[in-house]
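Participant: For reference, the chains in residue letters:
There are 2 protein chains.
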Amino acid sequence: MLDREEFIKSLVVENDTKIVLVVLDGLGGAPFKDGKTELEYAKTPNLDALAAKSEVGLVHPIMPGITPGSGPSHLALFGYDPLKYEIGRGVLENLGLGVDLRPGDIAIRGNFCTVKEEDGRLIVVDRRAGRIPTEENKRLITKLQSAIKEIDGVEVTFTSGMEHRFALRLRGEGLKAGVPDTDPQKVGEEPIEPKALAPESQRLADVLKKLINRAREVLKEEPKANFILLRGISELPSIPSMRELFGLRAAAIATYPMYKGLAKLVGMELLEVEGSTIAHEIECLKRSWGEYDFFYLHVKKTDSHGEDGNFEAKVKVIEEFDAFLPKILDLKPDVLAVTGDHSTPSVLKNHSWHPNPFLLYSKYAIPSGISEFSEKACARGNLRLYYAKEAMPLILANALRLKKFGA
Amino acid sequence: MLDREEFIKSLVVENDTKIVLVVLDGLGGAPFKDGKTELEYAKTPNLDALAAKSEVGLVHPIMPGITPGSGPSHLALFGYDPLKYEIGRGVLENLGLGVDLRPGDIAIRGNFCTVKEEDGRLIVVDRRAGRIPTEENKRLITKLQSAIKEIDGVEVTFTSGMEHRFALRLRGEGLKAGVPDTDPQKVGEEPIEPKALAPESQRLADVLKKLINRAREVLKEEPKANFILLRGISELPSIPSMRELFGLRAAAIATYPMYKGLAKLVGMELLEVEGSTIAHEIECLKRSWGEYDFFYLHVKKTDSHGEDGNFEAKVKVIEEFDAFLPKILDLKPDVLAVTGDHSTPSVLKNHSWHPNPFLLYSKYAIPSGISEFSEKACARGNLRLYYAKEAMPLILANALRLKKFGA
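Keeping their order, the protein sequence lines are chains A and B.
As numbered in my numbering, residues 1 to 407 make up the first sequence, in order.
As numbered in my numbering, residues 1 to 407 make up the second sequence, in order.
It is worth saying that the hints were derived from the structure and are not from the lab.
Treat the hints with caution; some may be incorrect.
[Unchecked claim] Within a straight-line C-alpha distance of at most 25 Å, the following computed BS3-like cross-link-like pairs (lysine-lysine) qualify:
(1) A:Lys376 / B:Lys376
(2) A:Lys53 / B:Lys33
(3) A:Lys9 / B:Lys186
(4) A:Lys363 / B:Lys186
(5) B:Lys264 / A:Lys84
(6) A:Lys404 / B:Lys43
(7) B:Lys209 / A:Lys363
(8) A:Lys363 / B:Lys376
(9) A:Lys53 / B:Lys84
(10) B:Lys376 / A:Lys9
(11) B:Lys376 / A:Lys404
(12) B:Lys84 / B:Lys176
(13) A:Lys332 / B:Lys33
(14) A:Lys404 / B:Lys84
(15) B:Lys43 / B:Lys376
(16) A:Lys332 / B:Lys349
[Stated by the list, open to error] Derived Cβ-Cβ restraints for the label pairs, each shown as a range:
(17) B:Glu155 / A:Ala379: 58 to 66 Å
(18) B:Glu312 / A:Glu6: 23 to 31 Å
(19) A:Lys43 / B:Met1: 29 to 37 Å
(20) A:Ser241 / B:Ala147: 48 to 56 Å
From the three backbone atoms N, C-alpha and C, an ideal C-beta is built for every residue, glycine too.
Work out the full structure, taking the sequences as your base and the hints as a guide.
Facilitator: Quick look at the structure:
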């Protein structure tokens, strides 16, 4: 039986076609205002006109009923099996905070917590240190970082997150993931000692033990955040690059660290966006048009407003993108795909499992005869994509970048 | 986990229902004339009327974006996983030229090429011998065949193909595939010596070395075709028959060697068609109606005209088949499926990845309420077949040939 990636890789041919994949983060919605979703409510004359000339459909990011985080949902859209590659929580936390990760680094997600001594035992009384303000977090991280820069030859890098969260990166020789969380998951229990699951993770476990002890010393006078818990202790997964798998010189146009990090994971070039708006992203696309085959253009705010339950603001971002669509078409991409990585319905204030509208425009598309880009309209479309991971082969085919399988 | 084939096999029951699978080769199209596909343009009153009484949908031959050759696309329609069984290039070349292949035979695809000696090295200067005319090829094959009939007890059979191509079959004891191509893929390089990848292929490598040397001797005075390159050195894959898997006495009505060969691969009986038109095929179907459970009826010309970019001619073949459809219905098949093995849009002059219209007619079909047989109309159908390999269980079910799974 052929391996899916090896199979697709074996069919790849290179040419000079241009592909644009627009990901409107958290695009899909659910009925909210007058029973309409954000996309249905938004005025999107350009997307609707493009839909009429395109193949449209609905796509499950992972599979029916599964609500994905940004990691797996993006991997799928980039053509990878999201169940094959695990991106550790520690890796995502670090990437999301813009930390540079290299193969061999250990990436960890940390929490400040509150502990007290009881009958000679150290027990956790608040796993989130009372959700301290982010400002407070920054002060503590500065304190930790200036006290702990290195342990046994391992470089230690702390990065502030929101409230009680932070990212931790260890860089040094001989480290190997394989140490479970130190968070006991319950108050009233002792923090778990770092323990190596296999001999090759022993050095990491030793470094973490020392690091935790030193952090305790640094934080001992703090009223709330007097200890740390470590979770998602992980390494960069080894993922073949888009160049290697699909023969694409791929570039990412994104303004948030998490998405830049995900793009870097699959070997995309990170393009510099001079600003943070869609307008800046389109400028960047134009400027770099000649240099790459594949452009991933990420619009973040659809998701952010969905998570805030701000229906109107999400509608506005969709409309804002719609206004810029002609600028992308002016570049004459051979294939243009527009979709979301997952749904973020304002009604749920969260990511959801709802499949996402998908639009594929190319010279060889068979238009569905549907002149509306929305969840309901796309459900009637001819593009029977089922899983998001199937989009990339279809995109490559429309760019004439896949040769025939068998004779 | 149940193996898919074992699973289906375990549910098979036999009865006296009749199934017809019509494969209009390369049926699917893409927008071409007035934005229409060949099927949309063709006048197909009978197919449209049948569609209204049938379940219709779109089917991916392999998976979204993958353009298949006839080998894997037919295997899928016959109910096999096309990624499980690999049909070697040499096997397909021989089957396509009507060569009889048996288990244990070695099947090879050959090219005449031009070589010259340079500093004591033999180098390839034209991998296709200037694409010599097919007539010239025939003369050379006759010459080779009369000089080389047998090597070390192995029977050698050459068969002319188009231009510089030929098929080669080796039949004898102790041969095992496992020798890479001798074609260096580049001019200016030496032909590659046959080398066994494992000890069991050593005898084959030895026979091929002798064969190549003798061919060189035979061809040495030829101005262009003075050497041969061997590719796709393969054996018949071991595929369970349709009888074994699905309990079907299956028969093939096809006029082109390739499709006869593919049908034989899955154990179909090859029926003799007295002529080469659709009319002759329908005659054959009628004549053999009592003797089999399952008929594969293949119409080739839709694909041929698509590959020539001849939109009108492809339209005509579709219309011609449409006119014969009532004759098939007159036989009162319990299940009639009409589809393509893959798309061959005239606009691409080639096979393509576009999913194919699929129509399933049976007493138990739930009509989609769609009275048009075309890509767009079928896209709105209720038959959510995804992969072509899923068609056969559905066909068997409609013929009441699959019993309940579990209690």
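Participant: When you take the CB atoms of Glu155 (chain B) and Ala379 (chain A), is the distance between them in 58 to 66 Å?
Facilitator: holds (59 Å)
Participant: Would you check the hint for Lys376 (chain B) and Lys404 (chain A), treating anything up to 25 Å between C-alpha atoms as holding?
Facilitator: holds (24 Å)
Participant: Would you mind confirming whether the straight-line C-alpha gap from Lys209 (chain B) to Lys363 (chain A) stays at or under 25 Å?
Facilitator: violated (48 Å)
Participant: Is 23 to 31 Å respected by the C-beta to C-beta distance linking Glu312 (chain B) and Glu6 (chain A)?
Facilitator: violated (41 Å)
Participant: Do the beta carbons of Lys43 (chain A) and Met1 (chain B) sit within 29 to 37 Å of each other?
Facilitator: Given about 49 Å between the Cβ atoms, the range is violated.
Participant: For a C-alpha distance cap of 25 Å, please report whether Lys332 (chain A) and Lys349 (chain B) respect it.
Facilitator: Judged against 25 Å, a Cα distance of about 23 Å means the pair holds.
Participant: Look at the Cβ atoms of Ser241 (chain A) and Ala147 (chain B) and judge whether their distance stays inside 48 to 56 Å.
Facilitator: holds (51 Å)
Participant: Does the structure keep Lys404 (chain A) and Lys84 (chain B) at a Cα separation of 25 Å or less?
Facilitator: Status holds; Cα separation ~17 Å.
Participant: Measure nothing beyond the straight line between the CA atoms of Lys43 (chain B) and Lys376 (chain B); if it is 25 Å or shorter, mark the hint as holding.
Facilitator: With a Cα-Cα distance of about 15 Å, the restraint between Lys43 (chain B) and Lys376 (chain B) holds, given a limit of 25 Å.
Participant: Check the hint pairing Lys53 (chain A) with Lys84 (chain B) against an upper bound of 25 Å on the C-alpha distance.
Facilitator: violated (36 Å)
Participant: Hinted pair, alpha-carbon criterion (25 Å max): Lys376 (chain A), Lys376 (chain B). Please report holds or violated.
Facilitator: holds (17 Å)
Participant: Does Lys264 (chain B) pair with Lys84 (chain A) here, judged by a C-alpha cut-off of 25 Å?
Facilitator: violated (38 Å)
In summary, the numbered hints that this structure violates are 4, 5, 6, 7, 9, 10, 18 and 19.
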